[in-house]
Amino acid sequence: NAGVTQTPKFQVLKTGQSMTLQCAQDMNHNSMYWYRQDPGMGLRLIYYSASEGTTDKGEVPNGYNVSRLNKREFSLRLESAAPSQTSVYFCASSEWAQVQETQYFGPGTRLLVL
Amino acid sequence: AQSVAQPEDQVNVAEGNPLTVKCTYSVSGNPYLFWYVQYPNRGLQFLLKYITGDNLVKGSYGFEAEFNKSQTSFHLKKPSALVSDSALYFCAVRDMYNFNKFYFGSGTKLNVKP
Numbered sequence: 466n467a468g469v470t471q472t473p474k475f476q477v478l479k480t481g482q483s484m485t486l487q488c489a490q491d492m493n494h495n496s497m498y499w500y501r502q503d504p505g506m507g508l509r510l511i512y513y514s515a516s517e518g519t520t521d522k523g524e525v526p527n528g529y530n531v532s533r534l535n536k537r538e539f540s541l542r543l544e545s546a547a548p549s550q551t552s553v554y555f556c557a558s559s560e561w562a563q564v565q566e567t568q569y570f571g572p573g574t575r576l577l578v579l
Numbered sequence: 002a003q004s005v006a007q008p009e010d011q012v013n014v015a016e017g018n019p020l021t022v023k024c025t026y027s028v029s030g031n032p033y034l035f036w037y038v039q040y041p042n043r044g045l046q047f048l049l050k051y052i053t054g055d056n057l058v059k060g061s062y063g064f065e066a067e068f069n070k071s072q073t074s075f076h077l078k079k080p081s082a083l084v085s086d087s088a089l090y091f092c093a094v095r096d097m098y099n100f101n102k103f104y105f106g107s108g109t110k111l112n113v114k115p
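Chains A and B, in that order, are what the protein sequence lines are.
In this note's numbering, each residue carries its 1-based index in the first sequence increased by 465.
In this note's numbering, each residue carries its 1-based index in the second sequence increased by 1.
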């Protein structure tokens, strides 16, 4: 039982390049999330998916796209990376129907955009 | 709108002393509150939660939190700090109108000195 896994762990991009961050969970959760973490700003929600086939915008969706490939996998794509997207990205999952359920986080992807 | 605030960027405490990490919330209705801990280069880990019931909630690693409705606070506490407790701590509130959304505080860095 691996929980939430993310790939890659670290990535350097040049401005304008594209990349996809991968996330998978093995807890059979319906909901999955992408956050970015910046110093002094906590975690900010980029996109979330309440169930397979649905996605919704969070607080900071501009410059990102997501795909809920199936119940296990939720990917985040940067089409044209910008230095402002330098951040640590976390994927999480949760069982949304249970109010007492917490979120489970992956180990993060550190992205540097030059 | 739902939100949480962590008024202290950093808390310093000596090993063996009690520690408190502060969190205040702003929600309409009953809050669903969580504490998470983040060790360096790791994802967030769940510590404890308040959904309903007793105002004193016990969690992992000897941590507890006191829910105070009149002061809209949910402070994290531990009677005797360990050096290994040094980490970044986040308070979060679940959106009661959309269980898929969590709002995080900016984080508090806890430094426990030997």
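Keep in mind that a hint or two might mislead.
Think about it this way: if two alpha-carbon atoms lie no more than 25 Å apart in a straight line, the pair counts; the simulated PhoX-like pairs of lysine-lysine are [unchecked claim]:
no., chain 1, residue 1, chain 2, residue 2
1, B, K23, B, K114
2, B, K102, B, K23
3, B, K50, B, K78
4, B, K23, B, K110
5, A, K474, B, K110
6, B, K102, B, K114
7, B, K23, A, K522
8, A, K536, B, K23
9, B, K114, B, K70
Between beta-carbon pairs, the in silico distance windows are [unchecked claim]:
no., chain 1, residue 1, chain 2, residue 2, range
10, B, N13, A, E544, 24 to 30 Å
11, B, S85, A, N527, 21 to 27 Å
12, B, S4, A, Q487, 39 to 45 Å
13, B, K110, A, P548, 44 to 50 Å
14, B, S4, A, Q565, 41 to 47 Å
15, A, M484, B, D55, 44 to 50 Å
16, B, Y62, A, L577, 31 to 37 Å
17, B, D96, A, P548, 16 to 22 Å
Reference excerpt, derived from the structure (chain B facing chain A, CB under 7 Å, subset only) [as the list claims (entries may be wrong)]:
no., residue
18, Y40
19, P41
20, L45
21, G54
22, V58
23, A88
24, Y98
25, N101
26, F105
27, N112
I should point out that these hints are in silico values taken from the structure, not numbers from a laboratory.
Backbone N, C-alpha and C define an ideal beta-carbon position, used for all residues, glycine too.
Tested hints:
| no. | hint | in the structure |
| --- | --- | --- |
| 1 | B/K23 with B/K114 | 19 Å, holds |
| 2 | B/K102 with B/K23 | 22 Å, holds |
| 3 | B/K50 with B/K78 | 13 Å, holds |
| 4 | B/K23 with B/K110 | 11 Å, holds |
| 5 | A/K474 with B/K110 | 23 Å, holds |
| 6 | B/K102 with B/K114 | 36 Å, violated |
| 7 | B/K23 with A/K522 | 29 Å, violated |
| 8 | A/K536 with B/K23 | 36 Å, violated |
| 9 | B/K114 with B/K70 | 32 Å, violated |
| 10 | B/N13 with A/E544: 24 to 30 Å | 43 Å, violated |
| 11 | B/S85 with A/N527: 21 to 27 Å | 39 Å, violated |
| 12 | B/S4 with A/Q487: 39 to 45 Å | 31 Å, violated |
| 13 | B/K110 with A/P548: 44 to 50 Å | 25 Å, violated |
| 14 | B/S4 with A/Q565: 41 to 47 Å | 21 Å, violated |
| 15 | A/M484 with B/D55: 44 to 50 Å | 46 Å, holds |
| 16 | B/Y62 with A/L577: 31 to 37 Å | 32 Å, holds |
| 17 | B/D96 with A/P548: 16 to 22 Å | 31 Å, violated |
| 18 | Y40 | 11 Å, violated |
| 19 | P41 | 11 Å, violated |
| 20 | L45 | 4 Å, holds |
| 21 | G54 | 11 Å, violated |
| 22 | V58 | 12 Å, violated |
| 23 | A88 | 14 Å, violated |
| 24 | Y98 | 12 Å, violated |
| 25 | N101 | 5 Å, holds |
| 26 | F105 | 4 Å, holds |
| 27 | N112 | 16 Å, violated |
Figure legend: structure checked against the earlier numbered hints; hints not met, in rising order: 6, 7, 8, 9, 10, 11, 12, 13, 14, 17, 18, 19, 21, 22, 23, 24, 27.
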